[in-house]
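Once you have looked at the hints, place chain B on chain A.
The chain contents come next:
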Amino acid sequence: MSTEQEQEQQDLVYALATSPNFDQDGMCFAARLSGLYRSEDHGASWRPAYDALDLKEALATISVVLSPDFASDQSVFAGVNGGVLRSGDGGASWHIAGLGAPPPAVCALAVSPNFVHDGVILAGTMEDGIFRSGDRGRLWQAWNFGLLDLRVLCMVVSPTFADDETIYVGTESGLFRSTNGGRAWREVDFDIDLAPVLSLALAPGGALLVGTEACGLHRSNDGGRTWARLGRETIVDAVNTLIIAPQPAPQDILVLHEGALLGSRDGGQSWAPWKDDLPGDITAVTAPKGLAPGAPLLVGLADGTVKLV
Amino acid sequence: MTRPRTRTQRVVFQPTTYQGMQSGINQMIDAIRPTLGPRPRNVAVNDALKSKIEILDDGGSIARRIISLPDRDADVGAMYLRHMLWRLHEDVGDGTATAAVIFQTIFNEGLRYITAGGNAQRIRHYLEQGMRLILDTLSTMTAPVEGKAELAKIAQTICYDPPMAAMLGEIFDIIGEYGRLELRAGRSRALEREYVEGMYWDGGLVSREMIADAKEQRTVFENAAVLISDLDIEEPQHMVPALFVALKTGARAILIIGQRFSDKAKGFMIANNDSEKMRIMAVKTPQYGQDQIDALQDLAALTGGRPFVRATGNTSLDDLKPQDLGRVRRAWADTRYFGVVGGKGDPRALRQHIADLRAAHRNASDPAVRQKLRQRLGKLMGGSATLWVGGVTERDIDLRKTFAARTAEALRGALTDGVIIGGGAALLSCRPALWAKLAESADTDEQAAYRMLIKAMETPARTLIANAGGDAGEVLAAVEMAGPGWGFDINTEQIVDMAQAGIFDVAAVQKAAVHSAIASAALALTVDVMVHHKKPETSTNP
Chain A
1 MSTEQEQEQQ DLVYALATSP NFDQDGMCFA ARLSGLYRSE DHGASWRPAY
51 DALDLKEALA TISVVLSPDF ASDQSVFAGV NGGVLRSGDG GASWHIAGLG
101 APPPAVCALA VSPNFVHDGV ILAGTMEDGI FRSGDRGRLW QAWNFGLLDL
151 RVLCMVVSPT FADDETIYVG TESGLFRSTN GGRAWREVDF DIDLAPVLSL
201 ALAPGGALLV GTEACGLHRS NDGGRTWARL GRETIVDAVN TLIIAPQPAP
251 QDILVLHEGA LLGSRDGGQS WAPWKDDLPG DITAVTAPKG LAPGAPLLVG
301 LADGTVKLV
Chain B
1001 MTRPRTRTQR VVFQPTTYQG MQSGINQMID AIRPTLGPRP RNVAVNDALK
1051 SKIEILDDGG SIARRIISLP DRDADVGAMY LRHMLWRLHE DVGDGTATAA
1101 VIFQTIFNEG LRYITAGGNA QRIRHYLEQG MRLILDTLST MTAPVEGKAE
1151 LAKIAQTICY DPPMAAMLGE IFDIIGEYGR LELRAGRSRA LEREYVEGMY
1201 WDGGLVSREM IADAKEQRTV FENAAVLISD LDIEEPQHMV PALFVALKTG
1251 ARAILIIGQR FSDKAKGFMI ANNDSEKMRI MAVKTPQYGQ DQIDALQDLA
1301 ALTGGRPFVR ATGNTSLDDL KPQDLGRVRR AWADTRYFGV VGGKGDPRAL
1351 RQHIADLRAA HRNASDPAVR QKLRQRLGKL MGGSATLWVG GVTERDIDLR
1401 KTFAARTAEA LRGALTDGVI IGGGAALLSC RPALWAKLAE SADTDEQAAY
1451 RMLIKAMETP ARTLIANAGG DAGEVLAAVE MAGPGWGFDI NTEQIVDMAQ
1501 AGIFDVAAVQ KAAVHSAIAS AALALTVDVM VHHKKPETST NP
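Same order as they appear, the protein sequences are chains A and B. By our numbering, the letter at position 188 of the first sequence is numbered 188, and the numbering carries on one by one without gaps. Quick note: to get our numbering, add 1000 to the position in the second sequence (first position is 1).
Same shape as in the complex, but just chain A (with noise of 0.2 angstroms):
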């Protein structure tokens, strides 16, 4: 990050987007507290992705996801305090969805793996529910039937979403699940004591992971009927991020615990640092070429700094 942008200590990286095709464009893009900020380098410099709104303080940028088609639709969407930024140009212009009053904030955003035909994404946020958009970001509504706990925290969208439809959601008192495109949502069986649930993955076979904020991380291959628990000697505190490989079983699995990489190869048995010599105090991982060995991670810091390592 250039010496202009660095921020201060508490300017920390909330969230992490790496083009489907990081490989080629190299296009990145890190939500902080400063804003939203992007690179075409695969993160080694990076440069204000607001530019073209103009704003007079900084917009704090708290999610942001790419389309898996984002080679040709350019679509970036950003989640702020008051609705979702829509660009279709990768993030050169934008345009700002509300998602009503009073103005909701969009904590965590979630697109269809069939965006480019169903148009789907999905907006969580800290005190409205869901809202859910069919038409590419335009238009959004509320969706909350059946979500009795409107602070979430997290979402998993289903890697064969056009087939089944489902998307889970991690909140305050646990779990819920929707199997009609988040148009409604049913409770999970997940032991309420256990929440807040903080980050989620789902395997392609149907595994779900759930990372909790003081309950470690759990497993459930049945749909979230019987429950788990995985390294439960190693991962005791707040599971921040968690990235499944989409292979069959034993899948490797990362998560981001207290600040650090764990990685298991074992579908969760076995767990040990991912990497020697990574920085401490990493709030925001993605993985932009898979979990394989060897394969690259772009990790942001507390400090607002990205690293790919």
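It is worth saying that the hints were derived from the structure and are not from the lab. C-beta: ideal position from N, C-alpha, C; glycine also. Don't take every hint at face value.
Unchecked claim - A short, non-exhaustive set of chain A residues, derived as facing chain B with CB atoms under 10 angstroms:
hint, residue
1, Ser93
2, Trp94
3, Ile96
4, Ala97
5, Asp128
6, Asn144
7, Phe145
8, Leu147
9, Thr171
10, Glu172
11, Ser173
12, Thr179
13, Asn180
14, Ala184
As the list claims (entries may be wrong) - Just the calculated beta-carbon pair ranges, DEER-fashion:
hint, chain 1, residue 1, chain 2, residue 2, range
15, B, Ala1311, A, Asp191, 33 to 39 angstroms
16, B, Pro1484, A, Asp191, 36 to 42 angstroms
17, B, Arg1122, A, Asp191, 48 to 54 angstroms
18, A, Arg186, B, Ser1365, 23 to 29 angstroms
19, B, Glu1216, A, Ile192, 52 to 58 angstroms
20, B, Tyr1288, A, Pro246, 56 to 62 angstroms
21, A, Arg229, B, Glu1090, 43 to 49 angstroms
22, A, Pro103, B, His1083, 55 to 61 angstroms
23, B, Asp1213, A, Ile96, 23 to 29 angstroms
24, A, Ile96, B, Gln1290, 34 to 40 angstroms
25, A, Ala101, B, Glu1182, 56 to 62 angstroms
26, A, Gly205, B, Gly1390, 41 to 47 angstroms
27, A, Asp25, B, Glu1182, 50 to 56 angstroms
28, A, Asp237, B, Glu1128, 54 to 60 angstroms
Stated by the list, open to error - Chain B stretches covered by chain A per the calculated footprint, using a threshold of three residues with CB under 8 angstroms from any CB of chain A:
hint, segment
29, 1146 to 1154
30, 1280 to 1288
31, 1378 to 1386
Structure of chain B alone, referenced to chain A:
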């Protein structure tokens, strides 16, 4: 309706008792039988009081319209059946025609056996034993239902109206089994639906002066505090602590819920309604009695406030604390309703409250109690749906609304208790278990009871086929050849795998129909003597 008066009590013995009851039962069931299935025939009921003809195709309603038969012996049988069918209709909303034909088979076969020397009490015992076997077998066949497509298929088997089935499938996929659905007469021929975010109650603004948006005739507050009470607010100073506490919590708007507001209190609120400092609106406490207390408790769970309820002696606002006020993201009111969106209560407490209501709903046996609990749950689920039912004429709209209500009830049952294969195929599939019992029994009464039950399990399928104009014997023979799980699709007139064809019945409805029919028929078979009152009452309850 008046009846001929009799001067003395009359005691009726066998064989007149059985003959009379059988005559009444068969008359009633013969009136309902044509309505079973997707190609029902209607029954015209001449309502002499209202001078109009009703066209009905629902067994429960037909039974309800028959309030007496001229032959008093026959009347006893008809009214006995009528009560059973209407109770079933009230409990599960459907299944009355199925129950009626099962009842008829068991009663007629049972009567034949008993008059030939069988023991009525023993037959009743074995019939009830076999009934439990049938219910257990149906339970093993029950599958959960999920998704709008599956729900729409089930809806179609009840309302036989594809656009309505599709719409109700979508609606229940969203609102769930407890969800609130309002059915209203549409303004066009089409069906329209709307989903409303948040919850709302009866009880509008106490003064039109509180309407902020004259065009919409409503007031909306953001991030409002809520005072939840059934108090009579006489003096303005009674509200002052609530306003101060709301200000202290950072709220700039407050919704005050109270049973009654004096003119002085209303004037105070209107005069102090300041958009810069504190906006105020007041609404009437919804509902009455225990329902009112329940509504206030639900509001408290939703918003995190404490209800001030006269019945608990909790009536003073003097020591009001910040945590006593509920908080919501949005509160709105018009002249008839008020609602909240995004209650800020503790989500764990809210989920526990809802879990308690669900458990109470599961365990409640009184349909009225169950309905109230369901309505409370529906309000807490985060939204509601409205379906505007259109049609060509007013009568058409009324008929479609009736079907929509019946279908909605059945879909709730399907979501709660699952589904079984339809078209009578599930009942046919119960026969192997009954055959096995028959084969291992050495008791003639028990054998007779199982034979009756086997025949009764075929009756719904036979009736469906016959009502559609088919040859029941021929079709059922083909179904037997096809094997378990296969049945006759009335619409395509093909023998199909019922599950694959998406032909389902609501498990709870079928089980309730089987239970009501067999238990009632078994009991009716034990009636030996009838006593007619001097002045018989017309059966109007229900």
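Against the structure, the hints:
1. Hint on A:Ser93 is violated. Least Cβ distance to chain B is approximately 30 angstroms, over the 10 angstroms limit.
2. About 25 angstroms separates the beta-carbon of A:Trp94 from the nearest beta-carbon of chain B, more than 10 angstroms, and the hint is not met.
3. Nearest Cβ of chain B to the Cβ of A:Ile96: about 19 angstroms, over the 10 angstroms cut. The hint is violated.
4. Here the hint on A:Ala97 is broken, as its CB sits about 17 angstroms from the closest CB of chain B, past 10 angstroms.
5. Interface restraint check: A:Asp128 against chain B, minimum CB-CB distance 6 angstroms, threshold 10 angstroms, status holds.
6. Proximity of A:Asn144 to chain B holds as hinted, the smallest CB-CB distance being about 4 angstroms (cut-off 10 angstroms).
7. With a cut of 10 angstroms, the hint placing A:Phe145 at the interface with chain B holds, because the nearest CB-to-CB distance is about 5 angstroms.
8. Look at A:Leu147: its Cβ gets to within about 6 angstroms of chain B, closer than 10 angstroms, so that hint holds up.
9. At a threshold of 10 angstroms, the smallest CB-CB gap from A:Thr171 to chain B is about 7 angstroms, leaving the interface hint in force.
10. Hint on A:Glu172 holds. Least Cβ distance to chain B is approximately 6 angstroms, under the 10 angstroms limit.
11. Look at A:Ser173: its Cβ gets to within about 4 angstroms of chain B, closer than 10 angstroms, so that hint holds up.
12. Because the beta carbon of A:Thr179 sits about 6 angstroms from the nearest beta carbon in chain B, less than 10 angstroms, this interface hint is met.
13. Taking 10 angstroms as the C-beta cut-off, the interface hint given for A:Asn180 holds, the closest approach to chain B being about 5 angstroms.
14. Given the 10 angstroms rule on beta carbons, the hint for A:Ala184 holds: about 4 angstroms separates it from the nearest Cβ of chain B.
15. The hint said 33 to 39 angstroms for the Cβ distance between B:Ala1311 and A:Asp191, and at roughly 36 angstroms that hint holds.
16. Restraint check, B:Pro1484 to A:Asp191: a C-beta distance of roughly 40 angstroms satisfies the suggested window 36 to 42 angstroms.
17. At about 52 angstroms, the CB distance of B:Arg1122 to A:Asp191 agrees with the hint of 48 to 54 angstroms.
18. A C-beta distance of roughly 26 angstroms is found between A:Arg186 and B:Ser1365, which places it inside the suggested range of 23 to 29 angstroms.
19. The hinted range of 52 to 58 angstroms is not satisfied by B:Glu1216 and A:Ile192, whose Cβ atoms lie roughly 39 angstroms apart.
20. The hinted window of 56 to 62 angstroms between B:Tyr1288 and A:Pro246 holds, with their beta carbons roughly 58 angstroms apart.
21. The beta-carbon spacing between A:Arg229 and B:Glu1090, approximately 47 angstroms, falls within the hinted interval of 43 to 49 angstroms.
22. A:Pro103 and B:His1083 have their C-beta atoms about 58 angstroms apart, which keeps the hinted 55 to 61 angstroms range intact.
23. A hinted range of 23 to 29 angstroms for the beta carbons of B:Asp1213 and A:Ile96 is consistent with their spacing of about 24 angstroms.
24. Between A:Ile96 and B:Gln1290 the CB atoms are about 48 angstroms apart, so this pair departs from the stated range of 34 to 40 angstroms.
25. Under the hint 56 to 62 angstroms, the C-beta atoms of A:Ala101 and B:Glu1182, about 25 angstroms apart, miss the expected range.
26. The supplied range of 41 to 47 angstroms is met by A:Gly205 and B:Gly1390, whose beta-carbon atoms lie about 46 angstroms from each other.
27. The hinted window of 50 to 56 angstroms between A:Asp25 and B:Glu1182 holds, with their beta carbons roughly 51 angstroms apart.
28. As the Cβ distance of A:Asp237 to B:Glu1128 is approximately 59 angstroms, the hint placing it in 54 to 60 angstroms holds.
29. Counting residues of the segment 1146 to 1154 of chain B whose beta carbon lies closer than 8 angstroms to any beta carbon of chain A gives 3, which reaches the threshold of three, so the coverage claim holds.
30. Three residues within the 8 angstroms Cβ limit are the bar, and the segment 1280 to 1288 of chain B against chain A gives 0, so the coverage statement is violated.
31. Counting residues of the segment 1378 to 1386 of chain B whose CB lies closer than 8 angstroms to any CB of chain A gives 4, which reaches the minimum of 3, so the coverage claim holds.
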